Every structure is written in C-alpha cells, then in structure tokens.
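What follows is the residue order along each chain.
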Amino acid sequence: QTVVTQEPSFSVSPGGTIILTCGLTSGSVSASSYPSWYQHTPGQAPRTLIYNTNTRSSGVPDRFSGSIVGNKAALIITGAQADDESHYYCLLYLGGGNWVFGGGTKVTVL
Amino acid sequence: QVQLVQSGTEVKKPGASVKVSCKASGYTFSGYYIQWMRQAPGQGLEWMGWINFDSGDRHYAQNFQGRVTMTRDTSITTAQMELISLRSDDTAVYYCVRYSSSSFSFDPWGQGTLVTVSS
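Listed in order, the protein sequences are those of chains A and B. Those letters in the first sequence? Residues 43 to 152, by this note's numbering. Those letters in the second sequence? Residues 13 to 131, by this note's numbering.
No wet-lab data here; the hints were simulated from the structure. Be aware that a few hints might be false.
Chain A side only, calculated, beta carbon under 10 Å to chain B, not exhaustive [as the list claims (entries may be wrong)]:
id: 1; residue: GLN43
id: 2; residue: PHE52
id: 3; residue: SER55
id: 4; residue: SER72
id: 5; residue: TYR76
id: 6; residue: TYR80
id: 7; residue: GLN86
id: 8; residue: TYR93
id: 9; residue: THR95
id: 10; residue: SER99
id: 11; residue: PRO103
id: 12; residue: HIS129
id: 13; residue: TYR131
id: 14; residue: GLY138
id: 15; residue: VAL142
id: 16; residue: GLY145
These stretches of chain B come out as covered by chain A in the derived footprint (C-beta under 8 Å, 3 or more residues) [to be verified]:
id: 17; segment: 46 to 59
id: 18; segment: 62 to 73
id: 19; segment: 112 to 122
On a predicted model such as this, the values are computed, not experimentally measured, just so you know. Backbone N, C-alpha and C define an ideal beta-carbon position, used for all residues, glycine too.
Bound-form chain B, shown alone:
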C-alpha cells in the first residue's frame, strides 16, 4: 500500500523554525518527487516546492525562498521540510504528496501536519 505518513502537530513561537517529516512506504522511490503544500486557516491550498527523491534536486516557490529547505534521506525513505523565521501567518496544515514526472500525477497525500505559530 502506497502511503505517506507525516510527523505530528507542532506549536512554535514566532521566529522559531519547524521541521515536518514525511515517511514514504509501499513503492519504489526512484522516479518520484515529494512536493509540499500548505493550507492556512480559511485560505486555499498553496504550493511550496518539491524535491526529487533520486537526485535531491529541489525547487521552491518564490514566496518561500530563503526560508524553506527540503531534504530527503533515501536510507529511511523520508522527506523533510524545514521552515525558518516562523510568523503567525505560517500557521497552517502542511501536506506532502508524491509526484510522478512520468504521469504528472500527485498521489497519495500525507495526512497533514498542523503547525501553529503563536507567542
């Protein structure tokens, strides 16, 4: 069964950083990417960026450049997204999703990780 399982809820203070992990299982990781999205309360979905699970190549949305770093550890089939200099408007549910560059599909999604930024 192909699945992505994310790390648990985080509560952070403004200015801190957060790491969200995404453990992949049930498929051959070669040829796939992990993409990261988020949804702030009352807002729509927002694309954050991606990492190629094979090469480690990564690309970030302009809105997050300088604050986000995406990594992966192939030995434990886990991707991580770190966001620094957190602000209150970074409060959101963060999702990872598997992307296939051969079929242009986004599936499955992780269950989501709530990150709350509050003083």
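The shape of chain A in the complex, shown without the other chains:
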C-alpha cells in the first residue's frame, strides 16, 4: 500500500523560510497527483493553502507557494510568522478515485 510521506516536524526562526515536502513510498509525485496543501489548527476546520500543485486558494498570501521538486511536492512559506505555527498536510491523488493524506508536519516558529 502506497503511503504519503511528510517530515514529522520543522522548526524555523521568524522571518525564515519553511520548506515542506510530500512524497510517495512507491513512485514519484507528479502533476497528475494534483497535490494540495492544508494548514490545520486544532479546533478549526482545515484551511486550503495550495491546490493543483501551485494554485493559491483565495485569500492565501503569496508568501505561500507550491511546486514539484524532483519526485516530491513542496510547500514553501517565506517570511515565517508566529501564526504560521501549525500542522500542515498534503493530499495526493493516487488514481482510481483514491486520495491520501500525508501524516502531516508540525511547524514550530521559534
């Protein structure tokens, strides 16, 4: 069974750059994986940041960007701020109507 992989944690200083990745235990992430990214704070609904690899959702600042780097999807957040501290999840399409979330990355802004 294919698993979607994410870094468990990431620490950054205020003003720094956050780079999160999303890969597959079997195969490569491509545009046809339609990667999307979500910010999720406990007690709130997830917030869609990026969909279809690199399209920002409405209202998301341009500090957030998405791409495919090598065989993984990536979420890049520049100019890290205190309120970027959260959990971030990627979601990939595996084909056959099936989608799978990564395990999530906890981002800490120190």
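Chain B: place on chain A using the hints.
Frame of chain A; chain B shown alone:
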C-alpha cells in the same frame, strides 16, 4: 457566499451508526463533488471518500468500504455520510469539503462534526 454547514455533535455507543449532514449553499452545485475527511484525536487527517453531486456516483476509501455510505439530496443541496458499526476508534471530527474536478480544488470546508463513540 459559498459555504458548507454540517450537523451537530453526536455521541454514539459502539455498534451504532451515525449520519453526518453537510448543507451546501452559495454556489451552483453542478460539476462539484463533496468529499469527506476525518481527524481522530491526536491523529492526522484521513480521506474517507467522495460523492458526485450531479450523478450520485460515489467512491470510498478501502478502509471504510462496507461501513460507509455517502448520499446526496439535490433538492435540499445536502450531502450525508453514514458510518455504521461504530467503534471507539471512529471517534473523530468529520469534515465535508467541496471538490471541483475542473480545478482540482478542495474548498470550502465544513466546520466539522465531532462524533464520539463511547459505551
């Protein structure tokens, strides 16, 4: 304003079933899907499946096949997710989200429905 409003908190006993509803408003429903996700306490997000709001076609994650049924009622623009044979590890917040197959976007999300399974 595009929004999805979900039904309220549920408390169920093991073995029971639960139905969570998701009322959509503010957009033309044709061409969209409703997808269902959940998050158990201390766990990550989990994809459960989807239903095409037009055709009623549906697809479920393997982990839930045989226990989940997704339906929609176009006359009241509401989708429902029913989960049967509940176990304690089904305790989670359940979310619906609108999916567009033309833009591959998931947005907006419902506010979430807490389902607690406890004897």
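What are the numbers of the hints the structure violates, in ascending order? Of the numbered hints, 2, 3, 4, 11 do not hold.
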